[in-house]
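Once you've looked at the hints, go ahead and assemble the two chains, each given alone in its own frame, into the complex.
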Amino acid sequence: MYRGQCGAIVGVTCGFMAGIMLAEFQWVTIRSQIWIIVVVLGLMACLLKTSRNRFIGLLILFVLLGQFYATIYHYKSSDSIDYRSKYISTHQVRLQGQIVSEVRYSQALNATRTSFELRVQKIWQNERFRKTGGKVLVQIFKPVDLNYGDVIEIQGKLHRPFEFSSESNFSYREYLSRRNIFFVISVKKSTPVQRLGRSGGWFVLKRTALNLRRGMIRNLEVYLTPNETAMMQAILLGERTQIPNHIRDIFVHTGTAHILAISGLHVGMIALLMLLLLNVVRVPRGLQLVITILFLGGYIVLTGSRPSVVRAATMYIIFLGARLLERETNQLNMLSVAAFIILLINPLNLFDIGFQLSFTCVLGIVSLAPKIRSMLYRKNTSRARHDVLYAGFIQSFSVSVAVWLVVEGLIGYYFEIITPVSIVANLIVVPLLMVVVYIGVGLIIFALILPILAFFCAACLKVALNVMVGIAFLFSQLPFAYFECTSITPWNLTVYYLIIVMIFYFPWGIISNKKS
Amino acid sequence: MLMQLTKNEFKVLCAVALILFFGSLLQLTFKRYPQLLNMVNLIESNYIYSKIDVNLADAEALERLPYIGPYSAQQIVEFRNVHGRFSSLEELKQIRGIRETNYERFVPYLEVN
Numbered sequence: 148m149y150r151g152q153c154g155a156i157v158g159v160t161c162g163f164m165a166g167i168m169l170a171e172f173q174w175v176t177i178r179s180q181i182w183i184i185v186v187v188l189g190l191m192a193c194l195l196k197t198s199r200n201r202f203i204g205l206l207i208l209f210v211l212l213g214q215f216y217a218t219i220y221h222y223k224s225s226d227s228i229d230y231r232s233k234y235i236s237t238h239q240v241r242l243q244g245q246i247v248s249e250v251r252y253s254q255a256l257n258a259t260r261t262s263f264e265l266r267v268q269k270i271w272q273n274e275r276f277r278k279t280g281g282k283v284l285v286q287i288f289k290p291v292d293l294n295y296g297d298v299i300e301i302q303g304k305l306h307r308p309f310e311f312s313s314e315s316n317f318s319y320r321e322y323l324s325r326r327n328i329f330f331v332i333s334v335k336k337s338t339p340v341q342r343l344g345r346s347g348g349w350f351v352l353k354r355t356a357l358n359l360r361r362g363m364i365r366n367l368e369v370y371l372t373p374n375e376t377a378m379m380q381a382i383l384l385g386e387r388t389q390i391p392n393h394i395r396d397i398f399v400h401t402g403t404a405h406i407l408a409i410s411g412l413h414v415g416m417i418a419l420l421m422l423l424l425l426n427v428v429r430v431p432r433g434l435q436l437v438i439t440i441l442f443l444g445g446y447i448v449l450t451g452s453r454p455s456v457v458r459a460a461t462m463y464i465i466f467l468g469a470r471l472l473e474r475e476t477n478q479l480n481m482l483s484v485a486a487f488i489i490l491l492i493n494p495l496n497l498f499d500i501g502f503q504l505s506f507t508c509v510l511g512i513v514s515l516a517p518k519i520r521s522m523l524y525r526k527n528t529s530r531a532r533h534d535v536l537y538a539g540f541i542q543s544f545s546v547s548v549a550v551w552l553v554v555e556g557l558i559g560y561y562f563e564i565i566t567p568v569s570i571v572a573n574l575i576v577v578p579l580l581m582v583v584v585y586i587g588v589g590l591i592i593f594a595l596i597l598p599i600l601a602f603f604c605a606a607c608l609k610v611a612l613n614v615m616v617g618i619a620f621l622f623s624q625l626p627f628a629y630f631e632c633t634s635i636t637p638w639n640l641t642v643y644y645l646i647i648v649m650i651f652y653f654p655w656g657i658i659s660n661k662k663s
Numbered sequence: 717m718l719m720q721l722t723k724n725e726f727k728v729l730c731a732v733a734l735i736l737f738f739g740s741l742l743q744l745t746f747k748r749y750p751q752l753l754n755m756v757n758l759i760e761s762n763y764i765y766s767k768i769d770v771n772l773a774d775a776e777a778l779e780r781l782p783y784i785g786p787y788s789a790q791q792i793v794e795f796r797n798v799h800g801r802f803s804s805l806e807e808l809k810q811i812r813g814i815r816e817t818n819y820e821r822f823v824p825y826l827e828v829n
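If you're matching them up, the sequences are chains A and B in order. Its first residue numbered 148, the first sequence is counted upward by one per residue in the numbering used here. Its first residue numbered 717, the second sequence is counted upward by one per residue in the numbering used here.
By construction, these hints were calculated from the structure, which means they are not laboratory data. For each residue, glycine too, the CB sits at the ideal point set by N, CA and C. Any given hint might turn out to be false.
Some, not all, of what chain A presents toward chain B, calculated at C-beta under 8 angstroms [unchecked claim]: (1) Thr-372; (2) Asn-374; (3) Ile-397; (4) Leu-423; (5) Cys-604; (6) Asn-613.
Covered stretches of chain A (chain B as the covering partner; in silico rule of three or more C-beta atoms under 8 angstroms from a C-beta of chain B) [claimed, not checked]: (7) 386-394; (8) 424-438; (9) 614-625.
Looking at chain B on its own, in the form it has when it is part of the complex (with noise of 0.2 angstroms):
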């Protein structure tokens, strides 16, 4: 009587043994290597999101970032007519206009090649 599974108790049974086995030993791999979670951990990363070259972009292309008006699209640009290429992202928070708090939102969509 113990033996005699059905095909449905069989699959659940299976799936249950499956997600037991492998939590337990991603619980372990995570407690052992902590830096492997961060690793895992792409959706909270800056990896993820699609970013563009600060240098390279136009008005338009700045704008249609999020956290990015057309007044501080203009801004950027304006900035990098006058004052050549950015070295680093660091450098946006000298540009009139953009505060610290907006700096950090849209940061992570930008980069500088």
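Excised from the complex, chain A in its bound form (with noise of 0.2 angstroms):
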């Protein structure tokens, strides 16, 4: 890989992330947060000279700009549903508005139940519809054969979305308010939903791809088990909701549950096969890496732009695209860039745990895994010079410890669970997900062009499928393979990536070198 210089925009986006954390606490008003920005772009034109303090004045525009776009795509217009819904919410409503989310379907209480995201346009008071913002979750109890983009008109009891458990850290109100979800509507079996007609455009694009996705989903049903299926949805399609709970619970209790979300690892290893079937057929070597650039783009769209796929694709285009224009990249840079994207398009998606998971996941691979390769490589050298396996194993192991010190924080946190057994676990599980994933996306392909092959690689995935599943339920088994924690606060949190950060970037080698 290219390596550049590690540069500014990684300070940029750290103090535009600090801008978004000072927004919660509300502490400034709009106007003053326009006239501190409009000072501060001043005193930058006017009084700083030299690089280093322009610098320091990019840093704290851009915490001020983060602080101020945090609020502003928060900022509901007044006209907006969550302000009409104090006043309607013990009556029945009626609203008009287009769907802007996947329209999933599931089993709730012996019935099927379709929910979607409603974009509001109308809303039906005094004998007449008025125009309306904002959006809400809508949960129709039956069957309805509805798309992305539909404009629809239903009729349905609002409510606020209910808290599940007052014990985790997770709220489900609060997950929905950073997606701008405030009001749920409930409609009823008997209601009728009526609709007005189809948009056009960029949801025609996310109509196609999503039609795409329920078309590889019936492809997966029929050469696998529900379980697989729903295990092969997570892993290649980004659809975790229909996994079971006892899946799930061994994922997580052995420090694996990454697997079951697309990240970097998937989209790495998709971008790959990519290449090599282009170079297969001969692409020219530009082509391809134009066109694998543009099959990730419609990789984010068909897993439905989750943050952990848009920052996996981010940088895997970005460094693509600099191998493309023969620039150095930096993974820093790169990770820095995925972030300030995804932050761009909702900046509350940095209080989103898979966010979190996912950018603290590859700072560790980025910044601690070649420290502890380094320590482990001191320790024998002439050995790792010469034995490939050896240096495999150091490779890999020090990745698996650098993930597990980053990650274990934010687990102990949102899961109230400690996993040591998660650093040998993934040794084993990670590469039987590579050739899941491999099979996994031939059988996806072969169901579409050639069935008869794709009875080949389904049994192949069955077995691999399988035999991970049961791997990573006896790691499960073991002996304090994992423990249950209830009492981790954020200042826990915060000591305990202070002290991370202490042991491996604190200049120990200077101190004792002062001693000796």
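Written out as structure tokens, the structure reads:
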């Protein structure tokens, strides 16, 4: 890989993140924020002449911009449904709007429930439709054939999202509020849902991607059992809701739950497979990179644009783009650009568990893994030079330890569990995941173009998938595989990460040299 | 010309050959010995549930399991205190408030030792 300098983009992104965090406290009014930004811009233009001072000025500016952007992003217009709902929450509400998320079907209380996000356009008030804005989560207690981008009219009861558990650090209400959803509308089985039209443009593209995804899932269902299909949906298409609790628990208890969510590992493998196939059909090098970049863009849409997928795909797109333009890349810069893009899409992604896990994980791989590797190499340098297998083991082991160290704090905080077994479990489960991903992609492709070959892929995939789950299960049954911990506070978390930074970045060598 | 393969072509063709070979072999095995398919189907089986002993678990541990709420957990513990140890999981059906549908959902997580 080319290696470039770690640039200002890292600092700017950190500043932007700090600004978003400041916005949570709402300590400055919007008007004051505008004035402060104008003053800082003025100061930068007049006073800051040296490069270092300009960087500091820029950093302050991006902190302020992060705060301003997060405040504006969630600023509700006066006609928002969230304001109107205060007066109508006890009655039935009639709404018109556009579906802006994938339509999901789930089983609840022996009935199929249809749910999706609706961007509200009109509300029925005083015997006529009035213009309104905002988003609501729609739950219809029957299966309804709807699609992304459909304009519909519904009638139901508005209520606040339910809080399922007060003990956990996860709040469903907060999760929805970060998606700008403050109300849920429940539509009875007997109430008709009317489709008024269908949106074009970008919606057509996304609708096509979602229909393609549905088709792929249907194909998987033909060849695999329900639980296997649920796992493959999660691993390849980012749809995790169908995985049964007991299987999810196995992966959570062994610290390997990351394989059930699309991450850099999955995207990297898929991009590599794409490049390999294009290479085989003798596509010119430049075109290979362009097609793979476009494919990754399409993959983001196909998987529902989740933060971890956007992060991973953006990093690979930048990397491939740099190869195309013959420019150098730096992993920290790529990570920062990916973070910046995701935060521009929605600044409150910063508080999303997936975003935090995904970025800390890569940060661990980029910054800690080389340090751990060099520590291990120092002890057995000559062997590491000559033994390829040993070097490979050290490489995988250092990545596993680095990821475990940086992610464990967050996992302990959010999932209330510590998983020492994950260092070893990852070493075995991750290579198996590679086999599963490659055969899974093969199955999806063959099921579309050559179903006869799909049967062979399905048989191999079935075995690989079951072996992977079986091994993870065995690890979860080991004594002291995981501990439950319920009292981790944000302060504990801060101290934990400070200790890690101290261990790996404090100049211990200089101190010991001085003493000697 | 036919024999000139690039490294990547070789890799892809080898992968296809491997999948074809193992896929055919597995298909044949599963057709000849259907019971093997059931053994491989670990994901669909009850073996991979993290089970807890219903005779040893306290209300808190039972409550952590899916489909068992605080009321049902308390009822199970009280039933055990009054009637003694469970000899089979079927006895759980006698407990007040535990319905057949719910029993079917949570029973894979329990065992009697």
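Hint-by-hint comparison with the structure:
With a least beta-carbon distance of about 5 angstroms to chain B, the hint placing A:Thr-372 at the interface is held under the 8 angstroms criterion. A distance limit of 8 angstroms between C-beta atoms decides the matter here; for A:Asn-374 the minimum to chain B is near 4 angstroms, and the interface restraint holds. For A:Ile-397, the suggested interface contact is upheld, since its CB lies about 6 angstroms from the closest CB of chain B, less than 8 angstroms. For A:Leu-423, the interface hint holds, the least distance from its beta-carbon to any beta-carbon of chain B being 5 angstroms, beneath 8 angstroms.
With its C-beta approaching chain B no nearer than about 6 angstroms, A:Cys-604 sits inside the 8 angstroms limit, and its interface hint holds. Given the 8 angstroms rule on beta carbons, the hint for A:Asn-613 holds: about 4 angstroms separates it from the nearest Cβ of chain B. As drawn, the stretch 386-394 of chain A meets chain B at 3 residues by the rule of a beta-carbon pair under 8 angstroms; at three or more, the given contact holds. Counting residues of the stretch 424-438 of chain A whose CB lies closer than 8 angstroms to any CB of chain B gives 3, so the stated coverage by that chain holds, three being the minimum.
As drawn, the stretch 614-625 of chain A meets chain B at 5 residues by the rule of a beta-carbon pair under 8 angstroms; at three or more, the given contact holds.
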